[in-house]
Amino acid sequence: MRRQIPLALVFIFGVFMIFQYFVPHESSEWIYEFLLDWIYIIGIFALALGIWSLIRVSVAKIKTRKSGWGYPVITMAGLFLMILFGFTGYRDGSWGFHFMTAEGLSNPMFRNFFDYIMIPIQSTMFALLAFFIASAAYRAFRARNVLASLLLVAALVVMLRFNPYLGPFGTIIADTASWLLNVPNLAAKRAIIIGIGLGMVGTALKIILGIERGYMGKG
Amino acid sequence: MRRTTIIAMAVVLGLFILSWILRSASYVTVQEHYLIGGLKVTFSAFLTLAILSFLYKDNPFYKFAEHLFVGVSAAFWMSMGFWTTIVGNLVPRISQSLSEFFQVPYQPGSYNFVYFIPVILGIMLLMRLSRNRGWLARWPLAFIVGTTAGLNFVRYLRSDFMEQVSATFVPLFVDWKGVGYFISHFSLSASGQFVAIVANWVIFLGVICGIIYFFFSKEHKGVFGAASRVGIWVLMITFGASFGYTVMGRISLLVGRITFLFRDWLGWIS
Amino acid sequence: MKCKSLVILLFVCGFFALAAAEEGSGPPDSTHVDSIPPPTPVSMLTARDSENDHGHSVTLMWELSTDDGAGQNSVLSYEIFRWVPFFMDTLQSIRDSLAGAEGTIAEQLRKRRDQAIAMIPGAHKSYPEQGGWRKIGTALSGQSSYEDVGVKDRGSPDYMADHTDYYYLVDAVTADPAIRAPSEIVGPVQSFGQFFNTGRIPVFVAVLVFGLLTILFVTRARRGAELYVRPLAGIEAVDDAIGRATEMGKPILYVLGLGSAADIGTIASFTILGRVAKRVAEYQTKLIVPCYDPIVMTVAQETVKAAFLDAGRPDDYYEDIVYFVTQSQFAYVAAVNGTMLRELPATNMYMGVFFAESLILAETGALAGSIQIAGTDQVAQLPFFIVACDYTLIGEELYAASAYLGREPILLGSLKAQDYAKAAVIILAALGLLAASLNWTAFINLFSVTS
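Chains as they are written, first to last, in numbering that gives the first Met the number 0: chain A, 0 to 218; chain B, 0 to 269; chain C, 0 to 450.
Here chain A stands alone, though its shape is the one from the complex (with noise of 0.2 Å):
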């Protein structure tokens, strides 16, 4: 009982979704509009699991002192503050539950952490792959063999096509790069992509029809 009735729900709403896609009846584009809309609003309860599972942790960390403890702190802090900061803010002359408002973020410390504190951080951890894309080309460009030596040319004469400095070369270069990346690429990536979708597609209807159930844990 406890796994067939999921395995059913799995059957009836995957079924419905092949169906509703043959089906553009305003009647069948309805259904399938709100069964998404169901996916986000089920996804914000599972969010607060998720920082349930975060506040456990750190909590642990925090009254066991262990080595460290310092830093789930200042994670608890944080947490504490953009949710404070995001979910009162002042309107109508006066600080309260609010938030969106016609013209938008009502708590102006709210606005501030994610420019001053998040875009900052997630620009400099974007930034960090300039360092680690050559870092990666130092240790992977040493041709150990066939494989390895024809993604190192390739690499090479791509990365090299707009390069000013090489003369009558360069040309040649920009060309060869031009059609490594309109015909091989093209040509590889189609069967990449072709095997990923019958690999999903079967995946797809082998959850549909309850052979595959690792997503739903054992017991």
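No lab work stands behind these hints, which were simulated from the structure alone. Idealized CB from N, CA, C, for every residue including glycine. Treat the hints with care, as some may be off.
Per the computed footprint, the stretches of chain A lying under chain C, defined by three or more beta-carbons under 8 Å from a beta-carbon of chain C, are [said to hold, decoys possible]:
1. 15-23
2. 180-192
3. 198-204
Please build the complex by placing chains B and C on the supplied structure of chain A, with the hints as guidance.
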């Protein structure tokens, strides 16, 4: 924490406080709340450098920035999710009084009662925390997995299978007007007929060999094995080309942060 | 006398010459050759419900005007008109009032609006007296069709009711907008939604074929046929990687990716996690599973708990093996990076859906000296995993991994089904090559999905 670490941290913090004072001083004539303006820029620069310090090794500044970011971002998405989805999407459909409380326009409709179902499913998901009723959390999970599986099945069947296969239906000889015409119009330019024909053949063979590489239930021997090897070569060329293609984009991200540090924080460039 | 006559004759001739010259330079009248004569109108104007949609749309088609785009009577565009009852203005004014209203007034206006919407089909039956022609669109010269698309949202001014009589006409318009030729009026035509999208028949056939093939292979596999699967380096390395972590006394880090619990890549990852967790439990190695999505965390907790139970070590399981970090991409990466550098896992496994952070994770893991096995179906991230990790499962190999690790007949049987499908793709591609070369459009159209 060791004494040298504490001294180093104190020195770094002192330098940032000095930077805050200097930056605020530069804002005196420009901004009303110059201290706050200076603090914002300085703190952003501090966090930027704290993250960049990770490249050297793990250190207390990186740990501080990391833990702060985790807490603030988790609450940020919870806030946004609550106000945009629950208050923006759910509340207007299920309760007029709540809509008035949150000051969002109420949307009456004959079928609005169906929006109580995700609320019930959401509460069932929270049952996960209960020892005895934890199995109830499988129902909303089954709904989400089943709905998405059905959605993915048809859409990927079309986009990743049928459309990709039909895109491989390319002619052997592009714009073929006979051998004489081909010889007289022989061109190595990208728009030339010869290059277009070769490109079609490479795409066709590349796709076939790539697909052969992904065969699981047949041993890759003989002709099949040779085709599979050609397939992995084409794959490796693709991965190399994609890798090279993204390098410039990634470096431009770093340029953005360096510009912030040297222009907005230090004021060394205009 | 003779002189006088000559003068009079000259004067009269001069008068007539003057009169003739003035006539030549006089203002043009309506019959002058410089004005554009009316063009020929469009012909064979038809209107029908648009196909394969949810309704609220009518398609018009016509034969081009013979003066289309050329000559002195050049038709430069076509203007499409629909007959709209005056009643629609009343409805629009109710909508406008509702936009700024609140409370009980808004409720009353809403009721009035809904009542008015119900009266739309009736109002359209008052054609032609109680309404007028309204321009709804323009088509350029050379275009011989137009789709009048409305919305289904009843609150919108662009709402187009289904099962309502609509009338259309098309004007052929020249460079002078006043010079035009109206077509014959066409109608009544009604829009309505279809119950089957005929443009998607190829997909429907594919759904049936795949469904039947899957059921066939699963049934055959249940009978226990032995299946060969070629070795996958990434899968074979999993056991060695777990052994390495056990020997070194260091943990294993398993990252499920940034997908949701419904993503196929994440679902494949759950199965792999279950197998890895079982071996980890047997070897009593530490496992760390930081999660991005809370539902993924829930499922992963159940999976790992069940795996520990299967391995006969339920007491070794504790809740914080699988934990939620944050649902922000780079915050999650920052936290996982920190974990890698502090816990120094011997093995990192990245299985699932990844985005731009893939390289950050893989490189940090490499710096920490871990063995790394990755698998993703995100094509854009594969190059980074290939370059930075020791073993990578490319695309479909991730989905196949669960079959490899468990060796269950049904899962292996479905792998075989996928291989047959790939063989079919190769045959179809070869046939398609022939078809494109020999112009067999019928074959090519079999795979074309039009909507």
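Hints, one by one, checked against the model:
Proximity of the segment 15-23 of chain A to chain C, defined as three or more residues with a beta carbon under 8 Å from a beta carbon of that chain, is established by the 5 residues found. For the segment 180-192 of chain A, the stated coverage by chain C is satisfied: 3 residues place a CB nearer than 8 Å to a CB of that chain, which reaches the threshold of 3. Requiring three or more residues with a Cβ within less than 8 Å of a Cβ of chain C, the coverage given for the segment 198-204 of chain A holds, as 7 such residues are present.
Consistency note: the structure conflicts with none of the earlier hints.
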